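Engineer: What follows is the residue order along each chain.
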Amino acid sequence: MALDYQPKIVGFLCNWCSYAGADMAGTSRLTYPPNIRIIRVPCSGRVDATLVTKCFQQGADAVLVAGCHPGECHYSEGNYHARRRFTVLRELLSFLGIEKDRLRLEWVSAAEGKKFSQLVSEFSAEIAHLGPRKDNGKAAGGSL
Amino acid sequence: MNQAIRDKAKELLASGAVSCVIGYDVGSDGINARPFFAYTEEEADGLAFDQTCTHNLVKYLIDRAGKATAIVVKPCDARALTVLINEKQVKREEVFIIGAVCHGIIESTWGQKGSDLQGRCQTCTQHTPLVYDLLVGEPMAEPTPKAPLDHRAATLANMSVAERAAFWAEQFQRCLRCNACRQVCPGCYCAECFVDQLDPEWVGIRIDLPEKWLWNTIRAFHLAGRCVGCDECQRVCPVNIPLGLLNHKLEEEVATLFDFRPGVKADVPAPLETFKKDEKLGIGE
Amino acid sequence: MSQLISRSDLTAWINALLAEYTVIAPTKVDSLALYQPVKRADDIFMDFGITALSPKEWLFPPTETLFTITTQDGTMKLEAPPLDGKNLIFAIRPCDARGFRLLDKVFLAPPADTHYAQRRQNTTLIGLACSKALPQCFCTSVGGAPNDASDVDVLLTEVEEGYLVNIVTEKGQAAVAQAKLIEKDVTPPSPPNLKPVSTEGIVEATLRAYNDDYWERLADRCTHCNVCAFVCPACYCFDVRDHINQGKTERLRCWDSCQAPGFTRVAGGYTPRPTKGARLRQRFGHKLLYYPQQYGDLLCVGCGRCIASCPVNIDIREVMEDLQKLGVKSVSARA
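Chains A, B and C are the protein sequences, given in the same order. Position 67 (the first sequence) corresponds to 67 in the numbering used here; numbering is contiguous. Position 157 (the second sequence) corresponds to 157 in the numbering used here; numbering is contiguous. Position 164 (the third sequence) corresponds to 164 in the numbering used here; numbering is contiguous.
Calculated directly from the structure, the hints in this document are not laboratory data. Hints are not guaranteed to be accurate.
As the list claims (entries may be wrong) - Lysine-lysine pairs mimicking DSSO-like chemistry, simulated, CA-CA at most 30 Å apart:
(1) A/8 <-> C/248
(2) B/67 <-> C/276
(3) B/277 <-> A/115
(4) C/276 <-> B/8
(5) B/113 <-> C/28
(6) B/113 <-> C/132
(7) A/100 <-> B/67
(8) B/88 <-> C/276
(9) B/276 <-> A/115
(10) B/277 <-> A/100
(11) C/276 <-> B/91
Unchecked claim - Per the computed footprint, the stretches of chain C lying under chain B, defined by three or more beta-carbons under 8 Å from a beta-carbon of chain B, are:
(12) 25 to 34
(13) 130 to 140
(14) 245 to 256
(15) 303 to 309
Note that the coordinates shown come from a computational prediction; the quantities given were computed from them, not determined experimentally. Every residue gets a Cβ at the ideal spot worked out from N, C-alpha and C, and that includes glycine.
Start from the sequences and build out the full structure, keeping to the hints where you can.
Structural biologist: Dropping the structure here:
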């Protein structure tokens with residue numbers, strides 16, 4: 001894979017933990033690749049399957065959903081719902097021709113700036129290694 | 001069997017226990033059944049049941065909320081009805097269930113008499129509905145489970161990601177966005193479907209591959225853990241998109257991950273409505 | 001004397017046509033017959049009864065861009081989409097060709113619809129007469145015939161020696177210029193017999209039935225999908241909406257159907273046709289009352305696709321029969 005291939009990753013970060021975690025990464029001057037486009041959402045449980053699927057339809061190479069650790073959800077149980085939802089969605093997308101690895105659900109707390117920076121670096125490298133989507137963007141209607 | 005259905009229908013209509021009996025009669029080709037609504041005792045004489053009664057009628061109950069109705073169901077339809085009752089779309093006390101013992105439905109197209117059983121029926125494990133108020137037909141031994149017959153399921157599982165993507169692009173390309181799959185599905189009852197929403201406009205009005213892809217993906221996902229595999233969506237598709245493959249894939253996943261089979265038990269929520277705090281699903285760990 | 005083309009010469013002719021036209025012909029896609037552009041004569045699937053979809057999409061596409069708007073340096077630019085080249089629909093059934101005649105009355109009436117008119121002008125229709133009738137066919141009852149040549153440019157009729165070639169129009173003449181035709185005395189086969197459906201007084205009968213309960217009863221089993229409208233060669237309803245993406249606005253025209261709950265929804269959310277019965281009445285009203293009142297013909301070509309494709313067997317022939325009986329005596333049992 002050519003080195004100049006830059007994957008486009010959409011990140012849905014929960015307002016209470018992961019977005020703050022990303023903020024923490026910034027204030028701690030930790031670097032992470034600019035491949036991720038961050039969208040702040042109230043909760044990982046708010047991330048509808050349609051939002052993620054729509055990202056893939058529009059040509060995203062990967063989607064990251066990050067929320068509070070299990071047991072720490074601001075709304076008590078949103079992240080548990082997210083866990084089931086994305087487990088199933090990943091299987092469906094894989095069956096439709098989008099590798100499972102392109103959709104990740106991770107727990108990042110407000111204190112885990114370092115974890116966030118590592119996560120995005122790793123994920124970005126992994127997707128770059130995976131290369132562009134195998135459906136040739138056939139399902140893609142636009143560009144991100 | 002026909003007589004048993006008619007007799008009960010007449011009795012229910014005469015006593016005023018129900019105002020309508022939803023069942024089947026013979027279609028305009030004189031061969032295949034079609035849905036039929038009997039409101040009077042006279043009309044109830046038109047009711048019939050045979051191996052062409054492929055339609056899943058339980059969706060009609062949603063429009064009849066508040067009106068006592070009797071309905072003829074096959075074992076698969078009965079499961080769909082349980083899903084609707086669990087999801088509070090249908091009130092159990094408003095429905096009189098005439099459960100039909102089913103020997104499988106014959107694969108046929110309009111105007112032609114078929115001979116083979118439909119694929120879903122060849123691997124079906126239930127001849128007798130799990131829920132009913134009156135059972136018609138002779139109960140029989142339940143068969144042992146078999147692997148799905150559609151060879152494409154296994155073929156797809158062995159394909160590379162790129163091949164699978166190409167397969168589905170080719171299938172979805174034919175989609176007309178006629179929404180027939182949604183309209184017949186007992187699980188699709190949203191007052192406003194995401195595909196019709198204007199704000200946010202998830203899908204838009206284009207009838208092109210990206211829209212078709214998004215629609216078919218989310219349609220299948222919304223039925224995860226809720227689809228009973230009646231295959232109505234696949235039957236009505238005017239361009240033969242194998243939608244059943246998607247549903248069955250999710251059915252398998254849900255069975256493996258959550259040990260769940262939709263519509264089997266009353267008062268059990270669908271797996272994506274609930275959660276267990278300490279479960280390990282191989283994601284976010 | 002008739003003009004005849006042999007089977008091998010037909011293949012050669014189609015291959016010659018491919019150099020000049022985009023040839024759209026019946027092909028086999030999975031288990032379906034569909035009109036698709038072909039690359040070689042061998043891709044054509046001639047043994048089709050009727051295709052799953054009508055070829056109307058090649059004149060009236062499911063999605064088309066009417067124009068695009070872009071803004072650059074403060075000025076707005078309106079652009080029309082590029083024109084299609086020359087198309088040729090090969091082996092179109094006479095009923096489907098008649099569908100274009102019905103669409104013409106709507107789209108070509110002044111002011112003509114530019115996009116449709118351009119495509120119509122650039123499209124040649126090579127008809128194929130039907131040698132057998134399907135159970136759903138009833139073209140002879142609505143003004144057509146299995147061997148009707150009046151809506152095509154050339155009509156082919158299969159005979160033992162090959163195909164009889166009936167050149168109907170100048171466009172057809174141009175299309176057969178490269179075909180090797182032989183003069184031969186061949187009697188054309190007699191067309192298949194179709195079971196007639198009475199359409200007598202159907203316009204008045206539909207008007208009479210306007211406020212009848214019949215529609216709600218019929219709608220009981222209707223699922224309100226758009227299958228009937230989308231497979232129909234004569235249905236032409238559409239929705240127009242603007243699609244804005246990255247500063248570029250596209251005005252889109254896409255197929256729509258009167259059966260969809262959102263079809264008549266207006267700003268503010270009001271829907272003038274809220275019930276299933278009202279929507280079903282609109283479908284049959286348009287086919288059997290409004291269109292005939294405006295243009296003379298019934299908006300139906302008798303191809304029977306809606307009958308065979310309907311998930312719940314709503315049969316327009318039965319509806320016509322029921323409507324004729326309404327007012328004479330009450331019909332309810334079948335609805």
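Engineer: Next, verify each hint and record whether it holds.
Structural biologist: Quick rundown of the hints versus the structure:
| no. | hint | verdict |
| --- | --- | --- |
| 1 | A/8 <-> C/248 | holds (22 Å) |
| 2 | B/67 <-> C/276 | holds (17 Å) |
| 3 | B/277 <-> A/115 | holds (23 Å) |
| 4 | C/276 <-> B/8 | holds (29 Å) |
| 5 | B/113 <-> C/28 | holds (23 Å) |
| 6 | B/113 <-> C/132 | holds (18 Å) |
| 7 | A/100 <-> B/67 | violated (46 Å) |
| 8 | B/88 <-> C/276 | holds (23 Å) |
| 9 | B/276 <-> A/115 | holds (26 Å) |
| 10 | B/277 <-> A/100 | holds (23 Å) |
| 11 | C/276 <-> B/91 | holds (23 Å) |
| 12 | 25 to 34 | holds (count 5) |
| 13 | 130 to 140 | holds (count 3) |
| 14 | 245 to 256 | holds (count 4) |
| 15 | 303 to 309 | holds (count 3) |
Figure legend: structure checked against the earlier numbered hints; the only hint not met is number 7.
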